[in-house]
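Participant: Please dock the two separately framed chains into a single complex, following the hints provided.
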Amino acid sequence: MDPVQDKIKQFLSRYFKNHDLQPEEDIFALGFVNSLLAMQLVAFVEKEFGIAVADEDLDLDNFRSIQAIAGLVARKTAEAAPA
Amino acid sequence: MKLELTAEQRAARAEFRSFVAAEIAPHAGRWDREEAIPPHVIDRLRERRYLGSNVSPEFGGAGRDMIAYGLLTEEIAKGCSSVRSLLTVHDMVAHAIQRWGSRGQKERYLPPLARGEILGALALSEPNAGSDAKGIETTAVDGGDGWVLDGRKKWTTFGQIAGLLLVFAQVEGKAAAFLVERETPGISVRPLKGILGTRASMLAEIELRACRVPRESLLGRVGFGISHIAAAALEHGRYSVAWGSVGIAQACLDACRAYTAERRQFGVPLADHQLIRRLLTDMIVDVRAARLLCLRAGSLRDSGDPGAFMETMAAKYFASRLAVRAANDAVQIHGANGCSDDYPVGRYLRDAKVMEIIEGSTQIQQITLPLFEFQEF
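If you read the sequences in order, they're chains A and B.
3 is the number of the first residue of the first sequence in this note's numbering; add one for each residue after it.
11 is the number of the first residue of the second sequence in this note's numbering; add one for each residue after it.
The hints are simulated quantities; they were obtained by calculation from the structure and are not laboratory data.
Every residue, glycine too, gets a C-beta built ideally from N, C-alpha and C.
Do not rely on the hints blindly, as some may be mistaken.
Listed next, the in silico DSS-like pairs over lysine-lysine satisfying Cα-Cα at most 30 Å (straight line) [what the hints assert, rightly or not]:
1) A:K49 x A:K78
2) B:K184 x A:K11
3) B:K144 x A:K19
Where chain B lies over chain A, by a calculated footprint (3+ residues, C-beta under 8 Å) [unchecked claim]:
4) 36 to 48
5) 58 to 68
Chain B on its own, in the form it takes in the complex (with noise of 0.2 Å):
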């Protein structure tokens, strides 16, 4: 196994590092108070293909592997996580056609994906169905030449923006998934404001009252909704998350270096403190050894391996839990400074909170690591 990332990945790093320095991390803290990503934004994302860059070639996308689609992630969570989530999102829904599409929705959604034209957006979550996935209440029933649509969605992130939906629903019953391009008569989204982290993620209720949609609206076949389709967009997010919540660590450790050096207190800079030395030495090591779980992950998600789910789940629990735990430290470490607008580390500790609730909750993961860890000889 190699550790070492390859001179092209180094060098995608270098190129994602450049553009978050100068064109995400000195406004984050904007966005962050203006709960808004702006259309510039968006658009120097697709320049620059960041979006839907897993898509495959034959379909017009950039092919990137998942070792440096985790760099990319990574980078831009670094700068900004309201960022990082319009790109983990759009590249879920991306992979789920890409992994379950027929050949028609692929031609049809792939290369706008991969182009960003159309934003994509997962509406899976509901008022009374978070973790309990299966307990979604919307449904579709066959309206003859198509499927009709009822029910409300609930924070849908990038939902505001969104040009396409992937819809779950219950079909008499089963969990089935539908791509719901978002000008569909029937259709109302309500942004939702004042969230805790991820601020700038553009949440949205969505509601789809007598929503119409073509029969070859339907990803996969019904029955296999939650257990496929949101299983396999879910997978491609936990991974996302992951690689985010390394970033956030990472940008934690970062503003720490330069506060201990730059700080005083008792005659001597703060990195001279031997307890906060101590913190530091935790952020270090953990980051390192999230990085470690995401890369093992990403190199198993490469070669298809079955083994990818579960190294992917861990990931996504030790980094989550990680960067709430370096965000928390790096406000201590900040004192009375952590606590303002002035500092960036506020802002990542409401971040990295939510990363321990989305896809899959910190206790979600405690259920079913095990049962994966244990079904194994």
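So here's chain A without its partners, still in its complex pose (with noise of 0.2 Å):
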């Protein structure tokens, strides 16, 4: 798993307790999310990857799995870079 996968895992980890989260899985379909978490989370990535979740983003589809939100880091990181 590489490292950002890794950190979106243990943050996930705290909500999915003794279960092993993996990539690939959809934590909707796992039934613990909440607003709370929703929240939660969108402030976790902004903090931990450094980049500004927008109204765009707002998509299941990318916070449905550890692989999904990953994929959003990398584009939100992409876009941010210089040209």
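Facilitator: Printed below as a string of structure tokens:
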């Protein structure tokens, strides 16, 4: 698992105790995501990876799994990088 | 962790305190009785850039940090909780736009909100939906070139005079948020009178009937109205209410300090009676504890820490309950005088009770806080 995915897994593991969350696993399907986690997750990725989650990123598919979140981080990081 | 205010923050607090002592506190009782904040007071808040003060300088705001904002809120609340309500709801709308608005929405609304040229109000609660925000019945349907809103909002703070409403509605069963300008055809506003506390907050019931708004009125995305847009606004509101509650409690303490020094019973000042001192001690210690919780929440919010959500909720929970206790004890200490309009503590008690209800009731927080706590390692 790459370092970004590893950090996301560590964060999400707080909410998915006793479950070894896999990179592609759908966290919404697991049923533990509530509005508390939703906002904390946004704050986490912004602070941890130095990106800004914007209105156009509000798509469940961006937050559905460790892989999806890592993908969002990669896209936002690339967007913010100087050309 | 530094718990000391910076020199700049202390100077800002002195400025807020001086303004409130001169222009807010002496008149708050009258505004409470008249159930309105006079327009010239709102002008003074505008001039001092106390409205929308968290808005980024990029959009013409003062860019005040969360600690300075908290200090401002506490000082305003010491003088008048209704004026504090204006800051709270106006800033909730500005915060939601700053957090989740498109570039176009930010450019259109943040500068006038930061200048206080338009006032913002949050239209979430309805006659049948309070704590159960997801149970809102207002609908928005796709009307081709825009959205058509129908429904009824209630308890909208400063809804009587707000120029911009952040309206929450269901789009085919999914929550969404819309920025609705007051002059939009189809909006009617009915003032609500006789409210228990924060009585000058100019509450309104707002009816939206075939209210057509442009497509770009949608804030964020459909389906994220409660989970992200309302959550962001309410988190800011809880922070503001927490500090506002500290302000009420401090005002109670200040009133009791003056009264117990001046009022004599059994041949000595009230302050010399041990049972009175016991009440004062709880107030003195609790207000410090509440302020520390607020400072911690503010520090975490400034750093973007995910833990800020829980700390803000904890601060609001503790501070709002403290405000009720402090105000209740303040009335008790004042005796019959506390039950009259001659002293402000009766108003503080009515205002404090409201703090336990708005931006997440005490009971909602009792349900939610353990979930936050136990999700951690």
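Participant: Against this structure, judge whether each hint is valid.
Facilitator: Going down the list of hints, with the structure as the test:
1. A:K49 x A:K78: Status holds; Cα separation ~13 Å.
2. B:K184 x A:K11: holds, 29 Å
3. B:K144 x A:K19: Satisfied, since the Cα-Cα distance of roughly 27 Å is no more than 30 Å.
4. 36 to 48: With 12 residues close enough to chain B, the hint holds.
5. 58 to 68: holds (count 4)
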